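Sequences listed follow chains A and B, in order. Residue 0 is where the first sequence starts when you use numbering that gives the first Met the number 0, and the numbers rise one by one after that. Residue 0 is where the second sequence starts when you use numbering that gives the first Met the number 0, and the numbers rise one by one after that.
Everything labelled a hint here was simulated from the structure, so no lab data went into it. It cannot be assumed that every hint is accurate.
As the list claims (entries may be wrong) - Listed next, the in silico SDA-like pairs over lysine to any residue satisfying Cα-Cα at most 20 Å (straight line):
hint, chain 1, residue 1, chain 2, residue 2
1, A, Lys27, B, Gln45
2, A, Lys27, B, Gly66
3, A, Lys36, B, Glu58
4, A, Lys166, A, Arg242
5, A, Lys27, B, Val50
6, A, Lys27, B, Ser46
7, A, Lys446, A, Arg326
8, A, Lys27, B, Ala49
9, A, Lys477, B, Gly66
10, A, Lys36, B, Asp68
11, A, Lys36, B, Asn53
12, A, Lys27, B, Ala22
13, A, Lys36, B, Ser46
14, A, Lys446, A, Arg519
15, A, Lys329, A, Arg199
16, A, Lys446, A, Arg515
17, A, Lys36, B, Arg7
18, A, Lys27, B, Asn9
19, A, Lys446, A, Pro315
20, A, Lys27, B, Arg12
21, A, Lys477, B, Asp68
22, A, Lys477, B, Glu60
23, A, Lys166, A, Arg199
24, A, Lys27, B, Ser80
25, A, Lys27, A, Glu17
26, A, Lys27, A, Pro37
27, A, Lys36, B, Gly66
28, A, Lys36, B, Val50
29, A, Lys36, B, Gln45
30, A, Lys329, A, Ile303
31, A, Lys477, B, Ser73
32, A, Lys27, B, Glu60
33, A, Lys477, B, Glu58
Stated by the list, open to error - Derived Cβ-Cβ restraints for the label pairs, each shown as a range:
hint, chain 1, residue 1, chain 2, residue 2, range
34, B, Gly66, A, Ile245, 21 to 29 Å
35, B, Glu18, A, Arg75, 31 to 39 Å
36, B, Asp10, A, Leu10, 25 to 33 Å
37, B, Asp68, A, Pro173, 13 to 21 Å
38, B, Ser80, A, Arg287, 46 to 54 Å
39, B, Arg67, A, Asp243, 23 to 31 Å
Note that the structure is predicted; figures quoted are calculated from it, not measured. Using N, Cα and C, we set each Cβ at its ideal position, and we do this for glycine too.
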Amino acid sequence: MYRYDEFDAALVRERIAEFSDQVDRRSKGELTEDQFKPLRLMNGVYLQLHAYMARIAVPYGVMNSRQMRQLAHVARTYDKGYGHFTTRTNIQFNWPALQDLPAILSDLAEVEMHAIQTSGNCIRNVTTDVFAGVAADEIEDPRPWCEIIRQWSTIHPEFSFLPRKFKIAIVGAPKDRAAIRTHDVGLQIVRGEDGQTAFRVFVGGGQGRLPHIAQEIASAVPGQSLLAYLTAILRAYNLLGRRDNIHKARIKILVAALGIDAFREEVERQYAILRQEDLRIPDEELARIQAYFTPPPFEALPIISPAYDAARRLNPEFARFTRSNLREHKQAGYGAIIVSLKPIDGVPGDVTADQMEVVADLAARFSFDEVRASYEQNLVLPHVRLEDAHAVWSRLREAGLATANADLATDIIACPGLDYCSLANARSIPVAQALSRQLADADLQEKLGPVRINISGCINACGHHHVGHIGVLGVDRKGEEYYQITVGGSPDEQAALGEIVGRSLPANEVAPAIARALDRYLEVRTDGELFIDTVRRLGADPFHTAIYEPIDAVA
Amino acid sequence: MKLLTANRLNDGRVIYLGEADTAVEAIDAARILDADAAEAALVLAQSRPAVFVNPYLIEVEGRAPSGRDRLKESIRSVGPSVGHSLAFVARNETA
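In isolation and in its complexed conformation, chain A is listed as follows (with noise of 0.2 Å):
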C-alpha cells in the first residue's frame, strides 16, 4: 500500500497545526460557531445530535494493521470505545471532545491517517472496488489511480470550494463493485485502441433528494490524460453549477439541465484549452505509484487446498461462513475474506475497539498486513491462503464477526439516522435491527440468494437507498417516523434507482413487509433467477401486493 513521503507527512502536520490553533481559538471564544463550522468541515469534524463528530479517510478503503490498530486506540482513548465505517469507506467517530480533536489527528498522522476533506465542497475520498488486487475479471488494479487522483485532488486550490461536495470512485474490472454510477464522476479502467490503460468516464451521478444514473461522457480517456480530463470536468462544473440553491448544486443538477451531449461539449471545450503538460501523469510517476500496490509475496499454492475442504466438510457453519463470506482470489490458494460488521441485531457497520484490534492481528498474521474497508460497511481480509481460512474465521467468530451474511439480506447498508445524525427525519438503525431479526435464518438467507437492503434516515440517502435491490426511506410525517419502500434499485453496471412500492408504513410494520415481499419472490421466481432479476422481468406489482395487501385487508 501506498506509504506518506515528506510531502504528505509535512502537509498532514502543518495542518494538524493550523486546526489545533483553530480549535484553541474557537475554546477561547476568539471564533464564533459561524466561523469555526466551515474550518471544522475541513478537518471532518461535525457537530452532531449529541456530540461532535470526527470522520476519519481511509484512502480507497485500504489499511494495514498499524492503522486499524491506532483506529482502536482512538476508539477507547478518545470516544465510546468503537467507531463507524460509512459507505464512504471513512471512519466516523461520534463523541470525541473538542479539545481533543487535535490530540486525535496527531495520533493518526502517526500511522499516516487524516480527515482532510471528508467534509466540505470539495472532491471526497475516493472509493475503488474492495476486491482491488484480487478479482480476476479486473483489467488492472484500480487503486495506483485512486492514489494519483488522492494526490492531486488534496487540497486542490481550484477545486476546494466547488458548488457542492464531489465523489469518484474507480473499478478496474467490467463488473462494476464500487457503485460507480452514483457517484459524481465514475471512472471504469478499459484497454484503449492502443493497447494501453484508459478509461470510460460516468458523469453526473449521485442520490439524494433528485437522485440521477451517471451517463457516459468518454468512452477511453488515455490513462495520461485522466487528470486533464478530471480537471475539465471540474472546471465546467465549478464554472456552471449552481450556487444559489444548495439542492440544485450537485453536478448531477448540471448534467441533467444541459443533457450530457452539451455538457460533454463544454468539458471538451474546457479540456482543449488546458495545460496539458502540467496535468500529463509522467511514466516514471505513474510506475513510482503502481510499486507501491505490487502484489505481496504470494506462495505458489495449488488451488485446491485439502485441510481447507476438509474443514469445510466437517464444519457446517464454517462451509456455510465460506459460501457467503469468502471470494475467490485470483491468486490460486488464496481467497479474500468478507469480515460482518452486520451481526444479527447489531448496528451495520459498528466496530469495537476490540474488534479493531482483532482484524488488525489477523490481517498482520494471515493477509500480508492488509485489510479494506468496503463501502458496503464491512471489512475484508484481501489475501488469505486457503488453509488459513478456517483459523480466520474460529478467530472472527470469537468476536461477533463471521455471520456469514455478505451479501445477503442481512448484509443491511444503513446510515446512522436519528440515533446520530442532525440531519436524520427517522431512525435507520432500529429498522435495519428489526429486518436483521426478522431474516436471521440462515437457511432463509441462502435460500433468497443475493439481496442487498438499503435503510436511510432521510433523503439524502447516505444508506443509498435508491440503489437497494430493497430500499427504505425514513421520512417525517407530523413528528411521526414512517418508512418509503422502494424495489428494483441497483448500483452496479446495470444501475438502477428503486421504484416506490407504495404508501409509507410505520416502523413497526417495515420488517414484515419486507419479509412479505421476500416471500413473494421466492414463490414466483423462476430457477435461479436472483431477486434483481425478478423484479427486473415482473416490475413492482407483485411486492406492492404482498406488503399491502395484509395491511389493506385490516384496514
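For this one, chain A is given, so just place chain B on it according to the hints.
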C-alpha cells in the same frame, strides 16, 4: 411551554438552560419557560457562546418534548436509542 437547549461548546453534548441560568445536562433539570421567559433565555444563551452552541427553543409538555420535533428532541435528551453508545452507558452505570 418551552425549554432552551443547545450543544455545549467543549464537548458538543446536549445541554439545557437550568435554574439560575446554569447549563444542565438533564432535561429534568431544565427550566420551564413561558413565552416571555423563552425569548429572554434565548438572548441570554446567545450572549454566552463559550457554553451554548446553536441555542434554540423546544416545545414541551411538562418536560417532555412535544411538537413536530418531539422524537428528535427526545433522542437528544436521552442519547441514541440503540447501539454501542447504549452499551457503553449501561456498562459504565453498572461499573
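Hints, verified against the model:
Proposed proximity of A:Lys27 and B:Gln45 is supported: the alpha carbons are some 16 Å apart, at most 20 Å. This hinted pair does not check out: A:Lys27 and B:Gly66 have alpha carbons roughly 35 Å apart, beyond 20 Å. Our distance criterion of 20 Å between C-alpha atoms is broken by A:Lys36 and B:Glu58, whose separation comes to about 27 Å. The suggested pairing of A:Lys166 with A:Arg242 holds, with an alpha-carbon distance near 17 Å, which does not exceed 20 Å.
With a C-alpha separation of about 11 Å, the suggested pairing of A:Lys27 with B:Val50 holds against the 20 Å cut-off. For the given pair, A:Lys27 sits about 14 Å from B:Ser46 by alpha-carbon distance, which is consistent with the 20 Å threshold. Simply put, A:Lys446 and A:Arg326 have alpha-carbon atoms about 19 Å apart, close enough for the 20 Å limit, and the pair holds. Among the hinted pairs, A:Lys27 with B:Ala49 is consistent with the structure: their alpha-carbon atoms are about 7 Å apart, no more than 20 Å.
For a cut-off of 20 Å, the pair hint linking A:Lys477 to B:Gly66 stands: about 9 Å separates their Cα positions. Among the hinted pairs, A:Lys36 with B:Asp68 is inconsistent with the structure: their alpha-carbon atoms are about 24 Å apart, more than 20 Å. Distance restraint check for A:Lys36 and B:Asn53: the Cα-Cα separation of roughly 11 Å lies within the 20 Å cut-off, and the hinted pair is therefore satisfied. Distance restraint check for A:Lys27 and B:Ala22: the Cα-Cα separation of roughly 18 Å lies within the 20 Å cut-off, and the hinted pair is therefore satisfied.
A hinted pair counts as satisfied when its Cα atoms are at most 20 Å apart, and A:Lys36 with B:Ser46 qualifies at roughly 18 Å. For the suggested pair A:Lys446 and A:Arg519, the alpha carbons sit about 13 Å apart, so the restraint of at most 20 Å is met. Straight-line distance between C-alpha atoms of A:Lys329 and A:Arg199 comes to about 24 Å, which puts the hinted pair past the 20 Å bound. Under the criterion of a C-alpha separation no larger than 20 Å, the hint pairing A:Lys446 with A:Arg515 is consistent with the structure, at around 15 Å.
A hinted pair counts as satisfied when its Cα atoms are at most 20 Å apart, and A:Lys36 with B:Arg7 qualifies at roughly 15 Å. A distance of roughly 10 Å separates the Cα atoms of A:Lys27 and B:Asn9; the hinted pair therefore holds under the 20 Å criterion. For the proposed pair A:Lys446 and A:Pro315, the alpha carbon gap of about 16 Å is at most 20 Å, so the pair holds. This hinted pair checks out: A:Lys27 and B:Arg12 have alpha carbons roughly 18 Å apart, not beyond 20 Å.
The suggested pairing of A:Lys477 with B:Asp68 holds, with an alpha-carbon distance near 9 Å, which does not exceed 20 Å. Simply put, A:Lys477 and B:Glu60 have alpha-carbon atoms about 17 Å apart, close enough for the 20 Å limit, and the pair holds. A threshold of 20 Å between alpha carbons decides the hint, and for A:Lys166 with A:Arg199 the separation of about 16 Å falls inside it, so the pair holds. For the suggested pair A:Lys27 and B:Ser80, the alpha carbons sit about 33 Å apart, so the restraint of at most 20 Å is broken.
Under the criterion of a C-alpha separation no larger than 20 Å, the hint pairing A:Lys27 with A:Glu17 is consistent with the structure, at around 16 Å. A hinted pair counts as satisfied when its Cα atoms are at most 20 Å apart, and A:Lys27 with A:Pro37 qualifies at roughly 18 Å. Proposed proximity of A:Lys36 and B:Gly66 is contradicted: the alpha carbons are some 28 Å apart, above 20 Å. For the suggested pair A:Lys36 and B:Val50, the alpha carbons sit about 16 Å apart, so the restraint of at most 20 Å is met.
Restraint check for A:Lys36 and B:Gln45: satisfied, since their Cα atoms lie roughly 16 Å apart, inside the 20 Å limit. Using a Cα cut-off of 20 Å, the hinted pair A:Lys329 and A:Ile303 holds, with the two alpha carbons roughly 13 Å apart. At most 20 Å may separate the alpha-carbon atoms for a hinted pair to count; A:Lys477 and B:Ser73 meet this at roughly 15 Å. Pair hint A:Lys27 plus B:Glu60 does not hold up; C-alpha atoms about 36 Å apart against a cutoff of 20 Å.
Our distance criterion of 20 Å between C-alpha atoms is met by A:Lys477 and B:Glu58, whose separation comes to about 15 Å. Between B:Gly66 and A:Ile245 the Cβ separation comes to about 25 Å, which falls inside the hinted range of 21 to 29 Å. Look at B:Glu18 against A:Arg75: about 36 Å separates their beta carbons, and that is inside 31 to 39 Å. One distance hint, 25 to 33 Å for the beta-carbon pair B:Asp10 and A:Leu10, holds here, with the actual separation near 29 Å.
Distance hint check for B:Asp68 and A:Pro173: the Cβ-Cβ separation is about 47 Å, which falls outside the suggested range of 13 to 21 Å. One distance hint, 46 to 54 Å for the beta-carbon pair B:Ser80 and A:Arg287, holds here, with the actual separation near 50 Å. The hinted range of 23 to 31 Å is satisfied by B:Arg67 and A:Asp243, whose Cβ atoms lie roughly 27 Å apart.
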